[in-house]
Amino acid sequence: MNKTVNQKAWLFVVPVVLLVAFNAIIPLMTVVNYSVQETFGDNTFFWAGVLWFEQVLNSERFHDSLMRQIIFTATILAIEVPLGVAIALTMPRKGVWVPVCLVLMALPLLIPWNVVGAMWNIFALPEIGLLGRMLNGIGFDYNFTRQPEDAWFTLILMDVWHWTSLVVLLSYAGLVSIPDAYYQAAKIDGAGGWAIFRHIQLPKMKRVLTIAILLRFMDSFMIYTEAVVLTGGGPGNSTTLLSIDLVKIALGQFDLGPAAAMSLIYFLIILLVSWVFYTLMMRNEQQ
Amino acid sequence: MAKITLDDLRHSYMPNPTAEDDWALKQLDVDWEDGGAYALLGPSGCGKTTLLNIISGLLRPSHGRVLFDGKDVTDLPPDQRHIAQVFQFPVVYDTMTVYDNLAFPLRNRGVAEADVDKRVREIAELTDLTETLNVRAAGLTADGKQKISLGRGLVRTDVNVVMFDEPLTVIDPHLKWQLRSKLKELHQRVGVTMIYVTHDQIEALTFADQVVVMNLGEVVQIGTPVDLFERPQHTFVGHFIGSPGMNVMPCEVSGGNAYVNGVRVEAANAHACAADAKGLEIGVRPEFVSFADDGLPVRVTKVSDAGRFQIVDASHDGGSIKLLVAEGDEIPADTAKLKFDSAHTQVYDGGWIVGAKGGAA
Amino acid sequence: MTLELKSIGKSVGAEVHIHPTDLTLEAGSFNILLGTTLAGKTTLMQLMAGIERPTSGEVWFGGQNVTGVAVQKRNVSMVYQQFINYPNYSVFENIASPLRVARLPAAEIKKRVGDMAELLKLSAMLDRRPSELSGGQQQRTALARALVKDSDLVLLDEPLANLDFKLREELRDELPRLFSDRNCIVVYATTEPTEALLFGGNTATLMEGRVTQFGPTGDLYRQPNDLVSARVFSDPPMNVAPVRKTGSEIVFGGDVRWPAGERFQSLADGEYLFGVRPHHVTPMRKSDAAVPVEGRVLVTELSGSESVVHFEINDIPWVSQSHGIHAFDVGASATLYLDITEAFYFDGEGRRITTAAPQGH
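Residue numbers (my numbering), protein chains in the order written: chain A, 1 to 287; chain W, 1 to 361; chain R, 1 to 361.
Think of the hints as simulated: they come from the structure by calculation, not from any bench.
Mixed in with the good hints there might be a few duds.
In silico DSS-like pairs for lysine-lysine, Cα to Cα no more than 30 angstroms straight-line [what the hints assert, rightly or not]:
#1 R:K149 x R:K6
#2 R:K6 x W:K302
#3 A:K94 x W:K26
The following block holds chain A by itself, in its conformation from the complex (with noise of 0.2 angstroms):
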């Protein structure tokens, strides 16, 4: 009997899986691994069931570190999100400057994440950093070192200034799909700018931007290098977000079991969100 086309192909999916494998699988076990035992450092485990999990979900601590997160992201998200659309919108779609403007924009995106954090570190410093001196200077007290909401106003405009362009840049891919006769056809129909937004462009950018709200979801829920660079996590604990507290926790103080399971339900929650939103957004569009 012949062999079929079918057959032979999974054998190009045989070098995925085992990327995956070893890339997500045997490490995600391995914190699964961690998370249900104990250990003393001298390489004995201990079955500890679900002490770790009751643990970590009843400690404050990372009641507060998850809260730092959330208030962190939905500001990031609600800043970057219209910011980059609108910037988008005013991009050139046509013309010498649309190269321009590209590469303009991916510039922050090729930035490695910690010059990002030193950058800014630098660039915010009071008493020699340029934004330091500036917000000094016309009478702001601006020391994100020392004041909790200067650290957090820093660390919130550096995602913005690093992450924008990602949205400027699918949210353009979005808009300069929409076929010509669309614009034509608005014109037309005496349809205003707010109306052109609102019924065509906004509709047909959906789809991008829907990957634009859960990349910058899942990438700013997960940040650590910009912030540990930038502001350490401090002053105090004020900009400890989940990240920085998990890796405090697991290479600071080396308890491996409670921040394998912290690990564990970091991950259980932006996948649950992610999974929620994409379904709704999905479902929204089958409508």
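Position chains W and R relative to chain A; hints supplied.
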């Protein structure tokens, strides 16, 4: 509703057109009567879409004026010209219902909601959309969406002209029939000026009272479907209109008679030829060629059954010729003689018909 | 070599895409799959090619069971509605690509590509990229690539659908010639009945995943087995109306009646469906046997050479297609003549009644 005048119109996409080919649209002077049905017909790249965009106001012509009812609208944007347009690919507002789609142009103009409702229902009735008024527009089939586009145009009471840009491209053949006759019916019922752009001769000829045939940015002939069929002003029109197109073959004219391969054929305008004219051609449609006892000797090379008629390919010393024969009629097996209907056989000089002013140029 | 589909079927989940189908295509034959969009033409082709695997039945080729043999291992070519070429290859390399895969010597490739380009009128543009070609030339390139490797099976999936009207006519004329001296099986999918007629060969009519009839094109057109096949193979759509046979008469709409004639004299009394193609409904009486009917005119389309009249009788829409110019006013009452000698009669299940033999029940 309005009479449309194109006055000394020309357009080039280049800043400084010099050569003849730089013009996407060459010299054009046309008057379109209020309430007429017109078609712009030509192959791709002939300039018909350019012309359409100039009329709708999406493009400003490099030269000349566009007048609606004698009023210069050349510099007016599309929304102030009171036009409607149906595009090649259906444009509907996906997130709205059919009702809201139809209401959109009125609401944008601040019409009172009671009037909007009345007018939308009226137009929905005309365009067979009443049943689907509360359905989301995105869920409709292509022909339904085109009806919405059309409805959005007709819903306004102040529409000067409705323009169609190859509106049947994405419609299935068996639905094309329905939508096509629907457009024609709508035109007869609402009496608004309509301009239909297409490369499909059947659509153009069946829809329009007057067809503008364009080629290479130039108007080759403006006429009724009958004019274009029976008396093409240029061999291009003869070829482009009709399926199969007009037979064109070299001929000689002497003493008021035309000769193909030395065989005399009667042509309506042979007497008008200059005695010493060179490079003349004779044009006759397959519909006007028939088998006869005497005439041009040919060999039958192929017979295609088109259902209600047969297309016969025949070859003669100077080339090949096609003729149409009715369904079931006898066709000679090999050699035969052909007769041309003299009233519909014309001599062409350099592509243009002899004895009449050539085209619009 | 013969291609045999043995009760081949394709379902995806609970959805049946192709109902079990038997079809035998002979080497050197030109076969047309005729049906509307989504009738299953493309799926059937993919099953023939081995791109899709049937969920039931077998595909035999040249006496061998090839069900499940990869398309790469079969000698198959395919041309699609979209113009699919390698964008960064020249026309020459595009045409040569299947030969390069087959590792033919360079000299041989050069010769075969040259011949193929000559045949498809591409010789002058062998060095160009597909993007520099017109739509017609791009599709010629795709055709050349499909033909250059001497496939056993050539599948053409609406290859002319995206071309301008006149280009379509030109390529349609050339296609049969390209295959005339080849021994391959050609399968050509189209939505247009006229195209099927002009190609001749064999036609299979498809409707909702079912092959309703298969046979020589002309026979299928003139002797459809059932109402579905007749409808698929009619452009404009066939007129269908309920009639009643009483005694020696056929009665339509209460007051129109005509003799059943010799052929249907012995038919049992009862309700039937009567089908007549639009060109057998004419404004002029063609023969004494034609039956006059009164209708209300909905719209008239005049194309210059023929007239299409849409009218209704007792709320049933009718279409008449005839030579010449016959104008009617909208809403006017018109007399049209049915050529009942060319009409079909169908029974309650939609089967065409072919026999004059007395019905037993």
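So, going through the hints one by one against the coordinates:
Proposed proximity of R:K149 and R:K6 is supported: the alpha carbons are some 27 angstroms apart, at most 30 angstroms. Among the hinted pairs, R:K6 with W:K302 is inconsistent with the structure: their alpha-carbon atoms are about 35 angstroms apart, more than 30 angstroms. In summary, the hint linking A:K94 to W:K26 is supported, as the alpha carbons are separated by about 27 angstroms, within the 30 angstroms threshold.
Of the numbered hints stated above, the single one contradicted by the structure is hint 2.
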